[in-house]
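Trainee: Here the protein sequences line up with chains S, E and F, keeping their order. Per UniProt numbering, residue 1 is the first one in the first sequence, and the count goes up by one each step. Per UniProt numbering, residue 1 is the first one in the second sequence, and the count goes up by one each step. Per UniProt numbering, residue 1 is the first one in the third sequence, and the count goes up by one each step.
Please keep in mind that the hints were generated in silico from the structure rather than gathered at the bench. It should be emphasised that the depicted structure is a prediction, and the values quoted were computed from it without experimental measurement. One or more hints might be untrue.
Quick list of the computed label-pair ranges, beta carbon to beta carbon [to be verified]: (1) S:767 with E:95: 34 to 44 Å; (2) S:814 with F:249: 33 to 43 Å; (3) E:4 with S:147: 22 to 32 Å; (4) S:134 with E:61: 32 to 42 Å; (5) F:7 with S:142: 57 to 67 Å; (6) S:134 with F:7: 16 to 26 Å; (7) F:31 with S:718: 40 to 50 Å.
Every residue gets a Cβ at the ideal spot worked out from N, C-alpha and C, and that includes glycine.
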Amino acid sequence: MTQSNRLTAGRIDRAQVLNFTFDGKRYQGHGGDTLASALLANGVRLMGRSFKYHRPRGVLSAGSEEPNALVELRGGARQEPNTRATTAELFDGLEAKSQNRWPSLAFDAMAINDRFSAFLTAGFYYKTFMWPAAFWEKLYEPMIRRAAGLGSISFEPDPDCYDKGFLHCDLLVIGAGPAGLSAALTAGRAGARVILADEDFLLGGRLNTETISVGEQSGGDWAGTIVAELAQMPNVRVMMRTTVIGAFDHGIYGAVERVSDHLAVPPEGKPRQILWRITSRRALLCAGAIERPIAFSDNDRPGIMLAGALRAYVNRWAVTPARDVVIFGNNDDAHRSAADLLARGVHVAAVVDIRAQAKPIADYELLAGAQVVGTQGRLGIRGVEVRLASGEIRRINCGALGVSGGWNPNVHLTCHKRGRPEWREDIAAFVPGPDGPAGLSVAGAATGLFSTASALSSGSKAAAAALRDLGIRARALPQPATEDAPVSITPFWHVAEGKGRAWLDQQNDVTVKDVKLAHQENFRSVEHLKRYTTLGMATDQGKTSNLGGLAVMAELTGQTIAKTGTTIFRPPYTPVALGVLAGRSRGKDFRPVRKTPSHKWAQEQGAVFVEVGMWLRAQWFPRPGETHWRESVDREVLATRRSVGICDVTTLGKIDVQGGDAAAFLNRIYANGFAKLAVGKVRYGLMLREDGIAMDDGTAARLAEDHFVVTTTTANAVNVYRHMEFARQCLWPDMDVQLISTTESWAQFSVAGPNSRRLLQKVVDPAFDLSNEAFPFMACGEITVCGGLRARLFRISFSGELAYEIAVPTRYGDAMIRRLMAAGEEFDVVAYGTEALGVMRIEKGHAAGNELNGTTTARNLGMAQMVSKTKDSIGSVLSEREGLSEPDTLTLVGLRPVDATQRVLAGAHLMTKGTVANAANDQGYITSAAYSPNLGHSIGLAFLRNGAARKGEVIEAVSPLTGLNVDVEVVSAHFIDPEGERLRA
Amino acid sequence: MIINHPLLGPRDAQEFTYLGDAALIERPDWQAEDAHRQFYEYLYLRDNPAGEHRELWFHEQGDRSWLVVTRNTLTHEITHVDLARDVARAKGRSK
Amino acid sequence: MRYSGFKVIKEALTGHRGWTPAWRDPAPQAEYDVIIIGGGGHGLATAYYLAKEFGGTRIAVLEKGWIGGGNVGRNTTIIRSNYLLDGNEPFYEFSLKLWEGLEQDFNYNAMVSQRGILNLIHTDAQRDAFTRRGNGMILNGADAELLSVEQIRKRYPFLNFNDARFPIKGGLAQHRGGTVRHDAVAWGYARGADQRGVDIIQNCEVTGFRIENGVCKGVETSRGFIAAKKVGCAVAGSSGRLMAKAGMRLPIESHVLQAFVSEGLKPVLPGVITFGAGHFYCSQSDKGGLVFGGDIDGYNSYAQRGNLPVVEDVAEGGMALFPGLGRVRLLRMWGGIMDMSMDGSPIIDRTHIEGLYFNGGWCYGGFKATPASGWCFAHLLATDAPHPVATAYRFDRFEKGRMIDEKGMGAQPNLH
């Protein structure tokens, strides 16, 4: 029979019939159902298995605090493990599977663990599985890992997309129950910019789950009226299905909106979820309260749930888990549940209240001064045993048991900045402490005001007070007549009597006995208790279980609960899909891509690209017939050295330095001198960090007395600019110097090779003389090209050839590369990529990123003489420290294999011939290596201890990692043209 | 976090890059007798207070100002923000 | 009491009445030979080895709160010895070897799981650097293997091999690396130290040092003055705060590092993966949660919590590496205070005050160092000489220019 447990009324849409499956079985529910309510309507109480003992478990709650009813929702790549059935909105075609069981939910072979529970107590694994030592990884751990875990994921790429957004408001109201609605209305009517966020898909909070009225309306209708008014206000944003997950610094809150989770698949172009970063001037927490259970023997059977949840299912969803129900509690609110159930025709077999003086509020049998001491039913509760006040035991048949141990204000967000809640004895609960996040106040049940009337009035007042802080006048709302019952509770945590285990944390299977054992073994601090027993570490983070556990510990230690304290509440409030935290930053869009001005052209040439930081650069340009990258690279190198090659070097950092003190400024930034650099000249510069280690190298070109262009390496462009701004603003604030990064303003190409001048002469306007006399090595100038386009020309060389770098405004970069290539046709010009660039710089012995690795000094690089001692420059003082100026320090050298057919390997370590290869004998390491097509063998650059004095020595390059040992000869790092004749040609 | 930029108003801290203690403004004299010792202490030793901390932030994705932010390292509360250049000048730094 | 499978069975059959406290809660005595400040992993390990290996007696560990409440209780549980520099590698390899025998040594199952750690390579320059590192590791007696993309795909088929912004080009694996149940490390050392007579005193905050004529005579605490011949500080994260009470400024800043755990999942991730290009690393705990983290937030902080940008950054790294992670839910995030040193490497040294010793500056790598740190600090306290594998961890290395800068970032702690 379908929906046998469905009652009348409720806030569901009966016209909408939704088909769904659970473990392959077909069911029907209605619009407005959650998976849990729909399963209950169909008489399904067993929904899951616990973590450790695989005990059968049913739904405990009606909200996001649910520890038990966790399912794998959807299938395939969209499978979502550990999804709470209590918050999963039903949709047509929903598929859910139970998890952590084998072969089936009703018969789970792993439930064997439960039989051995005496051996598997808290922390048992710390005491065993140690012998023999090797068995841990091979046997014990795989066994434990397989048994542990909850749901499973497909690990297929998530097919849905996620978004991020930013919102700003005067007042963020968290929770749309009575307090939140009244707060939002107060602030909305005052004209403040308001955001009202609630995790539910029906706003109103407990108003939707109670039978109380507000004014003339039912609570739910009143909520609907207020929501309708708020929705009309342009200054109010109402966000349902939106969970505020965390409170962060300076009024920033994270919130996740589940845009499409209530649909089978997100509509085209819509995200599944959105992460909102909400910057609020003030925030108001109206998150209500969460009911807590009482622990007693076998209190975990399916059908045993929180009394308030039972009431919620009956009132909001018109379902009852069973027709015969028992209620067990220590407070007046439990009786309200009984009365509501009765009113809907559910048979309340008895209300068991631990308080001897309790009074019934409706027509049910009250067993005052009694306790539930046991339950029956393997896959669902069949009955309870009650110890009556008289001392007799009475057995009562029932299909559901509602338990109420009182309500805990939902203080979670008030503790995200490490504030601690305070214990209030009168309501037996923790309430928000005084040191919550700045700008966050609390109203309603979240602050311990449990009646509807106090929630309405505190919400309105707190909103008005928060706005007053901002200078916005708000009027408190008139208060409609509504329920205003006082709290009446006798704190009670667990029933001492009973044959079975009394469960505290139902997901992680932590019992009262486990807490006792933790106490016995001195794991008494709440944090030790949690970590030793795993109490509160499950997916619900102990929302319903933590307090019970620490109350038991308080009993054992004889300390108050206030003194015992709580563990730390940490974000997120409820678990958050990693997809939404990542947003669109995934796959190729993980990080932005920077493209060089010649990118499109290079693509047309079939270039292979490589990631260089954020940049994509052409690595080489394969030509038809080339089957191996080395063929392309060798060709590019040889052609460049033979005639001319062109490479896009735009990625190198460019910093414009201007002002009367520009030269003096650079003189402090660079270790070598710049004050006397002539206009129209370029100089190589070495920059040190203040600790004396090489930071970057590059060139500075003096275009005018008061104008330099500094270049940096690609990798350090941002750091160097920041560093120079630091020096300018913080160290020498009165220097007349201005900086601007122009990396992206200029497209820059290296034109290298013996024919580079001839090629350039074809594009540079004739007014500019490029002859060696007029424009020698290290010259620079502002010129025009192609008939009047402004450009900059630098005669600098990374390859060691006669070479230039020519820069044009970026928007002409594409045109420039095409013009250069066309002009170079007669010289068989080649485009070369970063590989050829790398080969040529190694052949020339130029240091690059592999050498400037953040630990090398000028001395290591063989440039000690460049560090001027006669001026103040950053890093010069500390570069003299003894550890940085040892004579036998690592020095940059060149290496060539003794047997030319062998390969020099970057990353190999160097050993003196005849010594054992070990760390003690380590003489240095190879930083860069390449095959030199010009020399016909492999070459390398290395840092070698006392390297300068070891030219000609044959040493051993060892690489046990790759199993390669090669005899190499120490040579000059300048493999090509050591005298630099080509540069100056 | 939100940093209240003295020129631009409140800005998300993600626009900034952090350096460290604002004492890094007070770079020693390279010609001092004990310049080595002074530079070592300047560069390496920190007060590292648990409480109010004056620290340097660079508005990298903004106007490229270096700021001195007074922030509590226990609560992250920011009580004051200055342009680092003004702070440097007030400390007598010039050219 | 000795723990064993037999003992567990016996207790199970007799109602678990025989289990005794894992450590006592003694009242502080008036004087000790050695006081160790800080009941975290390093402090407890120091006390344990001091008592066990160096014959120390009259030892106390003073803990402000509850033992194991600092970074040993809030880290991502990874152990490895894949360091680059000679100042570090022998130390961390010593530590890894101690991990390998730890459980039998202190009779506590800390679940040392040598499931392997893999550092992914995304560029040729990175391959060169990792080759240098792997060779250095092997030359120092550790293990390392350079893996090809195909080898990685075999073990981790679900990584993004198809449309990655930073394609995987290989990896450096250390198969002996892995994870350890972090809390159990603190508890195992505490229990072992306690059994050897060490007084572990919780809820005892050190409020000052009594220093007379340059000699440390003991400590002032929330429970009164306690005299000691030697005082060792092992409070990484709070080193600055503590040593300020002795008038010392340190080459250390305190920063927040956030870490994260997902909901429990059936086993998916066999080893530890580090994704340098995306600032993300991840392993799966024996309970099933994915444990992961990324960069430090980057600003000085003692708040033990961080902010959203880093949370998002880490999730982005995760999704970039594992495109199937989207529907896994983040369960909890937390922050620890890191002693970020000026070169990214630790300090185990005497101070200029006689009788006062320091252990700190562990950055975010202190957990894996716990056994060696304890052993070497015990060695220093017992013999007044550094242990051979910890000789580089001196205070004066900054003044002398002998930094141990693995990342080459220089004197900027938030970059290490």
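Trainee: Now, for every hint given, state plainly whether the structure supports it.
Mentor: Evaluation of the provided hints:
1. S:767 with E:95: 34 to 44 Å: holds (39 Å)
2. S:814 with F:249: 33 to 43 Å: violated (55 Å)
3. E:4 with S:147: 22 to 32 Å: The hinted range 22 to 32 Å is violated for residue 4 of chain E and residue 147 of chain S, with Cβ atoms some 53 Å apart.
4. S:134 with E:61: 32 to 42 Å: Check failed, 53 Å falls outside 32 to 42 Å.
5. F:7 with S:142: 57 to 67 Å: violated (24 Å)
6. S:134 with F:7: 16 to 26 Å: holds (21 Å)
7. F:31 with S:718: 40 to 50 Å: Hint violated: Cβ distance 56 Å, outside 40 to 50 Å.
Violation of the numbered hints given earlier is confined to hints 2, 3, 4, 5 and 7; the remaining hints are satisfied by the structure.
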